[in-house]
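Visitor: Turn these sequences into a full structure, and let the hints steer you where they fit.
Chains as they are written, first to last, in our numbering: chain W, 1 to 108; chain B, 1001 to 1243.
Each hint should be verified, as a subset may be incorrect.
Claimed, not checked - Taking lysine to aspartate or glutamate and the EDC-like style, the derived pairs with C-alpha atoms no more than 20 Å apart in a straight line are:
(1) Lys4/W to Glu1044/B
(2) Lys4/W to Glu1037/B
(3) Lys4/W to Glu1232/B
What the hints assert, rightly or not - Chain W regions said to be covered by chain B (calculated; three or more residues, Cβ under 8 Å):
(4) 8 to 15
(5) 18 to 32
(6) 35 to 46
(7) 50 to 62
(8) 74 to 84
(9) 90 to 100
Bear in mind the hints are in silico, worked out from the structure with no lab data behind them.
Each residue gets a CB set at the ideal place from its N, CA and C atoms; glycine is no exception.
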Amino acid sequence: MIDKTSLWIVILLLGLGSFGLRFVFTGLIGDRPLPAWMLRHLRYTAVAVLPGLVAPLVVWPAATGGTLDAPRMAAATITLAVGYFTRNMILAIVLGALTLYGGLALLG
Amino acid sequence: MPRQTTKSIYWQGVRDGAPFILVIVPFSVLFGVVATEAGLNVLETMSFSVLVIAGAAQFTALQLLSDGAPTAIALISALAVNLRMAMYSASLTPYIGGATLGQRALAAYFTVDQSYACAIVKFESNPGWSIPQRLAYFFGVVTPICPLWYIFTLVGAIVGTSIPQGLALDFALPITFLAMIAPMLRTPAHLAAAFTSVALSLVFAFLPYNLGLLIAGVAAMMVGAQVELIVERRATPPAGGTA
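Guide: See below:
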């Protein structure tokens, strides 16, 4: 059983801290111009963070206890390939999901 | 280019955010269920989802508290998971930094992986958008996502039963994110950054508090920026128009 005091401390401070992290640049810098080298780095934020967020989930899926799993790997590959070549996000999701369920049905 | 009104841009955002319903619903139900199983009441569970509004950080905090970790460790770990939000904030600043303080605060509260990822793609490809149009798009993306995050946390907290394993909903998150990332890989610099991110996040996955992701993220941004410089130097004269 989680202690109620520490639970509320975590909820409130985590809420406050998360807002702080989200507001730190938009809020404090505002419309002051950022240096070119910083903008050049910021252009790659999305492709630098999101793939790293997903990679461990693909390679070590929690649902399989962290072992590499053929249907999930295939689904990830198909999603990425369809998304890359068609630039169509919804098509990539649909084909990725079909691959996953097909693979799970075939391989159990 | 077709004429775009602020209203049509808002609805474009709603459409682009809609596919994420597939991720948000199972993820928030799961949080509600797990929180209830950990002994949280409905008010506590909902406070988590409304105040923190970040699934991965919420799960991290809850997991550590359930394991009996010290309060400070649970808090710091969950904040570390959310450190990427500061990078998102920095990345959005050139586009919405000129908005009013209230608008920026509201946008900050609703900065989540999905709203950031959709917005940054559209902001880059529509440099002519005004700040109100950018905000309209951003809040459009948020519209189908964040309210459902609250509602389905509540559903999970009330229903409180476990989700059938056969649905493999654990993989809804990776698939939607991969589908979102793939079209972003437009240039050698973007590809290099993404590969660096994947490689380093796996190599450093053993580090606690999600630090591996931060190392991977910072290194990948540096690789992207460097590759951009190299490509630019080779492609003299800069023809302009590509970024």
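Visitor: Give a verdict on every hint.
Guide: Outcome of the hint check:
no. : hint                : verdict
1   : Lys4/W to Glu1044/B : 9 Å, holds
2   : Lys4/W to Glu1037/B : 15 Å, holds
3   : Lys4/W to Glu1232/B : 56 Å, violated
4   : 8 to 15             : holds (count 8)
5   : 18 to 32            : holds (count 13)
6   : 35 to 46            : holds (count 10)
7   : 50 to 62            : holds (count 13)
8   : 74 to 84            : holds (count 8)
9   : 90 to 100           : holds (count 6)
Hint 3 from the list above is the single one not met by this structure.
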